Amino acid sequence: MRVFNQRGATILPAHVTERIAPGVVSIKEGAWFTPDAAGRDTRGCANVLTEDRASPPAPPPTTPAASTSLPPDPPDAKPDMSDDAIIEAKVAQALESLGAKWELMRIDPDFADTAAFCEKYGVALDHSGNTIISGLEEGAEEVLRLPRARHHAARRESRGATAHGGVRACPSPPREETAALTGMMIGGVTLLALPPDLPIYVDERIMELDYVILGGGSRSSKIKIAPDALRGLPGLSVVPGLAQAIRMKIGVNLINFGPGRSRRPSAAGRAWSRTSAITSS
Amino acid sequence: MGPKGSGQFERISWDEALDEVAGQMRRIRDAYGPAAILDCSRTGSTAVIHNRAVVQRLLHLFGGCTELWSSLSNEAEIFALRHTYGPQADCKFSGREPSDYVNSRLMILWGWSPADGTFGTNNPQYLHWAHQHGVRMVSVDPRATRTSLKLADEHVAIRPGTDAAMLIAMAQVIVSENLHDQAFLDRLVLGFDEAHLPEARAPGSSYRSYLLGLTDGVVKTPEWAEPLTGVPAATIRRLAREFGTVKPAALQCGYAPGRTGYGEQFHRAAYALCAITGNIGIPGGSTGCSGGTSFHGIKRQGASANPVNARVASTLLADLLERGQAGGYPADIKMVYSACGDLANQCPNVNKITAGLERLEFMVAHDHFLTPTARYADIVLPATTFWERSDMHTPWSGAGHYVIFMQQAIPPCTSAATTWTSAPIWRSAWGSRATSAPPDLDWLREVCQDTNIDDFDTFREKGLARLPAPEDPVAFAREVRDPERYPSRRRRERSRSTRPPSPPIPICTGWDAFPPSPRGFLRTRTIPAIPSSSSRPSRAPAPTRPTTISPSCPARTSRTCGCTPPTPPLAASSTGRPCACSTSAAPPSSPPT
Numbered sequence: 001m002r003v004f005n006q007r008g009a010t011i012l013p014a015h016v017t018e019r020i021a022p023g024v025v026s027i028k029e030g031a032w033f034t035p036d037a038a039g040r041d042t043r044g045c046a047n048v049l050t051e052d053r054a055s056p057p058a059p060p061p062t063t064p065a066a067s068t069s070l071p072p073d074p075p076d077a078k079p080d081m082s083d084d085a086i087i088e089a090k091v092a093q094a095l096e097s098l099g100a101k102w103e104l105m106r107i108d109p110d111f112a113d114t115a116a117f118c119e120k121y122g123v124a125l126d127h128s129g130n131t132i133i134s135g136l137e138e139g140a141e142e143v144l145r146l147p148r149a150r151h152h153a154a155r156r157e158s159r160g161a162t163a164h165g166g167v168r169a170c171p172s173p174p175r176e177e178t179a180a181l182t183g184m185m186i187g188g189v190t191l192l193a194l195p196p197d198l199p200i201y202v203d204e205r206i207m208e209l210d211y212v213i214l215g216g217g218s219r220s221s222k223i224k225i226a227p228d229a230l231r232g233l234p235g236l237s238v239v240p241g242l243a244q245a246i247r248m249k250i251g252v253n254l255i256n257f258g259p260g261r262s263r264r265p266s267a268a269g270r271a272w273s274r275t276s277a278i279t280s281s
Numbered sequence: 001m002g003p004k005g006s007g008q009f010e011r012i013s014w015d016e017a018l019d020e021v022a023g024q025m026r027r028i029r030d031a032y033g034p035a036a037i038l039d040c041s042r043t044g045s046t047a048v049i050h051n052r053a054v055v056q057r058l059l060h061l062f063g064g065c066t067e068l069w070s071s072l073s074n075e076a077e078i079f080a081l082r083h084t085y086g087p088q089a090d091c092k093f094s095g096r097e098p099s100d101y102v103n104s105r106l107m108i109l110w111g112w113s114p115a116d117g118t119f120g121t122n123n124p125q126y127l128h129w130a131h132q133h134g135v136r137m138v139s140v141d142p143r144a145t146r147t148s149l150k151l152a153d154e155h156v157a158i159r160p161g162t163d164a165a166m167l168i169a170m171a172q173v174i175v176s177e178n179l180h181d182q183a184f185l186d187r188l189v190l191g192f193d194e195a196h197l198p199e200a201r202a203p204g205s206s207y208r209s210y211l212l213g214l215t216d217g218v219v220k221t222p223e224w225a226e227p228l229t230g231v232p233a234a235t236i237r238r239l240a241r242e243f244g245t246v247k248p249a250a251l252q253c254g255y256a257p258g259r260t261g262y263g264e265q266f267h268r269a270a271y272a273l274c275a276i277t278g279n280i281g282i283p284g285g286s287t288g289c290s291g292g293t294s295f296h297g298i299k300r301q302g303a304s305a306n307p308v309n310a311r312v313a314s315t316l317l318a319d320l321l322e323r324g325q326a327g328g329y330p331a332d333i334k335m336v337y338s339a340c341g342d343l344a345n346q347c348p349n350v351n352k353i354t355a356g357l358e359r360l361e362f363m364v365a366h367d368h369f370l371t372p373t374a375r376y377a378d379i380v381l382p383a384t385t386f387w388e389r390s391d392m393h394t395p396w397s398g399a400g401h402y403v404i405f406m407q408q409a410i411p412p413c414t415s416a417a418t419t420w421t422s423a424p425i426w427r428s429a430w431g432s433r434a435t436s437a438p439p440d441l442d443w444l445r446e447v448c449q450d451t452n453i454d455d456f457d458t459f460r461e462k463g464l465a466r467l468p469a470p471e472d473p474v475a476f477a478r479e480v481r482d483p484e485r486y487p488s489r490r491r492r493e494r495s496r497s498t499r500p501p502s503p504p505i506p507i508c509t510g511w512d513a514f515p516p517s518p519r520g521f522l523r524t525r526t527i528p529a530i531p532s533s534s535s536r537p538s539r540a541p542a543p544t545r546p547t548t549i550s551p552s553c554p555a556r557t558s559r560t561c562g563c564t565p566p567t568p569p570l571a572a573s574s575t576g577r578p579c580a581c582s583t584s585a586a587p588p589s590s591p592p593t
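Protein chains in written order, with the working numbering: chain A, 1 to 281; chain B, 1 to 593.
For reference, chain A alone in the conformation it holds in the complex (with noise of 0.2 Å):
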């Protein structure tokens, strides 16, 4: 059996067993790496397949140069792409890689930010989802988040900072850092296409819904599709009240701002298409 993931690929004869919990694969600690004239293993070498990561991670190396900043990694695109280009090819992949229906919807960047977009494409706000990064700070565990009214402007203006109240505003990260995270700017941010070690929170009421209009990466894009096609998402957990709740999981947290649940689908709702729906208006 072909055993491969975008790092590499090998050969492994399958064994099918009851003396293993459902679900679940085992692949011993393999063979030699015994490459083909292609360069793909063909003895079961398991490191084929693992990444390149050190848990916990390595102590900081110790030459001056490497000490503060580092180049994000390359994106695996064409270098003569631009950036939005590139996070929205990713988002697309991983959009085809869900198998869902979905839709892209082409918008104004003016208008990316969530009530600008729903006022100007006639969208319900609880149809659109907040993708919110948040405790990526240090020390953060579950942090504190505003009462969702005040959410939105107080995360843009007071960062960490004691507001309304007493409560802390919930400290996501800034958009440089949100940028250099996810690649994706601030009104674009999108629960697909991230990095995969982030555990991701999606609010029940949104699962819910019949469809969920998402970043698309970009801030001249936004996806449509339906809440239950995340579920394939890895990492993924759906957390009931997640909006009303005063803590924001650490991770990627999904929520509207919508006052309700609302089942009825709306115009944008009823049909599905390929293409872009939304130009402008």
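Keep in mind that a hint or two might mislead.
Lysine-lysine pairs mimicking DSS-like chemistry, simulated, CA-CA at most 30 Å apart [unchecked claim]:
id	chain 1	residue 1	chain 2	residue 2
1	B	Lys247	B	Lys150
2	B	Lys352	A	Lys28
3	A	Lys28	B	Lys4
4	A	Lys120	A	Lys101
5	A	Lys28	B	Lys247
6	B	Lys4	B	Lys247
Not the full set, but computed from the structure, chain A residues with beta-carbon under 10 Å of chain B [stated by the list, open to error]:
id	residue
7	Arg7
8	Ile11
9	Pro22
10	Ala31
11	Trp32
12	Phe33
13	Cys45
14	Asn47
15	Thr114
16	Arg231
17	Gly232
Derived by calculation from the structure, the hints in this document are not laboratory data.
These numbers were taken from a predicted model, which means no experiment stands behind them.
Don't be surprised by glycine CBs; every beta carbon is placed ideally from N, CA and C.
Based on the hints, put chain B in the right spot on chain A.
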């Protein structure tokens, strides 16, 4: 002479080979600096004198090198252990004697299968013996391992990577049903409840608060763990009650559950469970660590300190080769020196590693076989096997208290193959043509002088020396029995700094913050709470570890001694450098896995 990786070589003379290696080493050191040479030697030989330190000694005296640190086997456990039981705790000597298994009433074998992986000489037999004497054994593993099939009274199939969640849920049951050993916790444990928090710890960060959901509103019940782990809540609850009420009970953990993102949290949760039930330091109990009990007294010979301060975690080998300085690493690697190791096969992401090896300017390997690593070398020097040289060996992981003498059986097979302890490379590297007689026997005799082996010749003749067994069959027994007299290292440090002494076993959530890792893609965070690994089912970036701890660098704990270096003094003195070598109490590296 085929392309790199093809495994096609032509035979050349030792002189040609040594001149080539030495010439390339000098050229690369002079052109790029010593850090451009990467030492890829590993644990293929872990005997007392024939081990990776031979190459370390060579490269360190040559001007230094970039070295790989961190254990590929159990770095998560090493990290967790030092956090919980103090910086001196060694994963090989923080467990218990196999002969103590029979003293347990219950043993939970968690991701631990000595029948598959031995884990110390004769461990399966000791387990079998304990089982015959009525020790109930429960195996928790995604696979029904050979140990499970043969010895376990019950097998619990758990989803991989969710072990911490089940341990936490077990702790929650024990604490909420008041089955925990409060007296033990009050006396010895830091951070279990709000009354015993470490300094500068926020209220609500105790483990008890976490378990009972006092801070985050999520009670870590078996029902909470069931969807994460795939283990029925009733099973978790029953097992927890059993572990909480049967004493002494031992939790024997393997390395595998920790070999994942946030894997150290599995080990921390295991130690916490042992602490909560008061099973640490008592016969039949355990620390949650599956090594031996005490150091056997025979030190593997180490190397002097690396003059170049350039160290990279071994799991990052592929990235180091690919990106070098551009990726934040100490140097662009131009040359690899590999002896008794096969890191191209053992480190993650083999394709990326071999692509990096192809780009090297030069690579030399010592080996018996054309391993995947050796295939990429420019020069492969045939190393002697253990049949062809004399050495000593101690049992792995502190299991058993004896030393065996590995008597040379035959002369080296090919006339050219010389034992690489005498490192023929040395003379060429320094331009000296002096030759040295194999120093094995003299050196072994010297090694034995500081040990319990008082008659080296008898030892050599009989091939075996038995060493005294430790006073206590379990690690930390005396610290638990008499913490005033035997404070943990952590506690001693605190006492010195005039703070009030604190109990030695911290298990609170959010213990200690560490310097940032430029290799991580997130900003630094406090080391997450024990439960974090499970409450976040996907792999999250793990915390950094302190830079001061180096499990696989013997030099960090070495002391200079008067050992005869393996080279002729002429060679070393011709460089003007002192030829100090050192004995080392370094933790033995893990065997290849």
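Against the structure, the hints:
Between Lys247 (chain B) and Lys150 (chain B), the direct Cα distance comes to roughly 24 Å. Compliance with the 30 Å bound is thereby established for this hinted pair. Annotation: proposed proximity of Lys352 (chain B) to Lys28 (chain A) holds, straight-line Cα distance about 21 Å (limit 30 Å). Pair hint Lys28 (chain A) plus Lys4 (chain B) holds up; C-alpha atoms about 28 Å apart against a cutoff of 30 Å. Taking the CA atoms of Lys120 (chain A) and Lys101 (chain A), the gap is near 24 Å; set against the 30 Å cutoff, the hint holds.
Of the pairs offered as hints, the one joining Lys28 (chain A) and Lys247 (chain B) is violated, with about 35 Å between alpha carbons and a cut-off of 30 Å exceeded. Our distance criterion of 30 Å between C-alpha atoms is broken by Lys4 (chain B) and Lys247 (chain B), whose separation comes to about 59 Å. Evaluation of the Arg7 (chain A) hint against chain B yields a held restraint, the C-beta minimum of about 6 Å falling below 10 Å. Interface restraint check for Ile11 (chain A): the shortest CB-CB distance to chain B comes to about 14 Å, outside 10 Å, so the restraint is violated.
Evaluation of the Pro22 (chain A) hint against chain B yields a held restraint, the C-beta minimum of about 8 Å falling below 10 Å. A cut of 10 Å between beta carbons decides the hint on Ala31 (chain A): the least distance to chain B is about 9 Å, and the hint holds. Interface hint status for Trp32 (chain A): upheld, as the beta-carbon distance to the closest one in chain B is roughly 5 Å, under 10 Å. For the restraint placing Phe33 (chain A) at the interface with chain B, the shortest Cβ-Cβ distance is roughly 4 Å, inside the 10 Å limit, so the hint holds.
At a threshold of 10 Å, the smallest CB-CB gap from Cys45 (chain A) to chain B is about 6 Å, leaving the interface hint in force. Of the supplied interface hints, the one on Asn47 (chain A) holds, with its beta-carbon coming within about 5 Å of a beta-carbon of chain B, less than 10 Å. Given hint, Thr114 (chain A) at the interface with chain B, is violated; its Cβ is 24 Å from that chain's nearest Cβ, farther than 10 Å. At a threshold of 10 Å, the smallest CB-CB gap from Arg231 (chain A) to chain B is about 13 Å, leaving the interface hint violated.
Taking 10 Å as the C-beta cut-off, the interface hint given for Gly232 (chain A) is violated, the closest approach to chain B being about 13 Å.
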